[in-house]
Amino acid sequence: MTTTKTVEIEPEKYNQTKEIRIQGATLFGSLSPFDVPREATATYDQQRKEFRIKLRYLTPDEPRATVDVAKEIVLLVGKNSGKLYEIVVRGQEPQTIKIQLTAKVGELARESERTFPQDFVRRLNLETAQRVLEDKQELYAVG
Amino acid sequence: MGGQPNLLRILKYVLTALLAAWVYIYGWAAEVKPSAPGTERPWYVLAILWFHFIAPIVLACAIVLLDVVIELRTSQSKALLKKFLDRLHARHFPYPEGGSDPACRVTLFAPGRLRVRSLVLQARSGGLHHKAGICWSIKQSEAERYHGIAGYAWATGIFVNITGLPDYDNGSDQEKVDYLRRTFVTEKELAKLHWRARSYCSLVVRNPQGDKLGVLMVESKLPDGLNHITAAVLTEAAEQLQFLLGQ
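One line per chain: the protein sequences are F and Z, in this order.
Start counting the first sequence at 0; every next residue gets the next number (numbering that gives the first Met the number 0).
Start counting the second sequence at 0; every next residue gets the next number (numbering that gives the first Met the number 0).
Just to be clear, a hint being listed does not mean it is correct.
Okay, derived cross-link-like pairs now, BS3-like style, lysine-lysine, Cα gap no bigger than 25 Å in a straight line [stated by the list, open to error]:
(1) Z:K138 - F:K78
(2) Z:K220 - F:K17
(3) Z:K211 - F:K53
Bear in mind the hints are in silico, worked out from the structure with no lab data behind them.
Chain F extracted, bound-state conformation (with noise of 0.2 Å):
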């Protein structure tokens, strides 16, 4: 059997305002409207012990790549943009991957950090989604 939930996700509450500091001046960057995911739908098939978190964007269309965070936790992200579309768990209940699903992603944003340190918009998103997973409850109801 198989669960879904979808929540809507508030752009003036989790897209956050950053001070950008460049070649001596200060600016605000926030993340554009195509940028900000605008619904997190979660599904749970009970019998394959799968549980999915899609995000949805406007740019619906944009190639995926993977990238496996954990034995259990699998990535997609936009090839080009680093933006993360979809959370992939096998094995594991909704409920007990919650803190570790919130920490992988987490730790992702402080990674690109490190390596794409003039890429706002893969940051800033991978910021966002963390908020949107640590914050929205009812996504992790679905088991």
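The hints should help you fit chain Z onto chain F, whose structure is shown.
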């Protein structure tokens, strides 16, 4: 923009190539001998020989005509874009007496048809400066030598918000330097700009595949004129622009 003008453009290039090569085509046709005595030369060779005077004129006329059609089609989509920007302007900057606030404006930049590595003006709200020749270099901006706020927004992909800029025209030298540094323009370029806005918001428009299509720019002559414009406020406009610019 759009699929059909691209097809027309390809046709135009083919015709141009044909016109340029016409002397050689005619020369080749004149040399062709019948394959066997008593038989006639192939029909296309005869056609080239018969029409060799009129063909270049027809080709040239066709190219000019195609150019006119392409121009009309793209300017139609530009007219639609302008209407859209006017509506966006009126909605976010209403004027108490009706209409929209002249101290603000909304502009759309996109890579040019010829200058593909520059952002050129596509459409602008209001009646002024909608043919301004300003362009921002994508090449420079992507090499982190940002060119204009539009160039910065394009290169980084984030929603940029710059407010509280000093008054350039009546400011001290220190304020002028500060203004130039914060807007990524040189003094020479700024002299050519009609407007020295004091706050800017800029946003990259992407297609569903995530590729960049253009830059939406909102400007105000007041240092705090854009405080109510956030990425969330422009979500709907972003979605509609994606559709309007889509190909």
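Evaluated hints:
1. Z:K138 - F:K78: Answer holds: Z:K138 to F:K78 is near 22 Å, not above 25 Å.
2. Z:K220 - F:K17: 24 Å, holds
3. Z:K211 - F:K53: Holds. Z:K211 to F:K53 sits at ~23 Å (cutoff 25 Å).
Checked against the numbered hints above, the structure breaks none of them.
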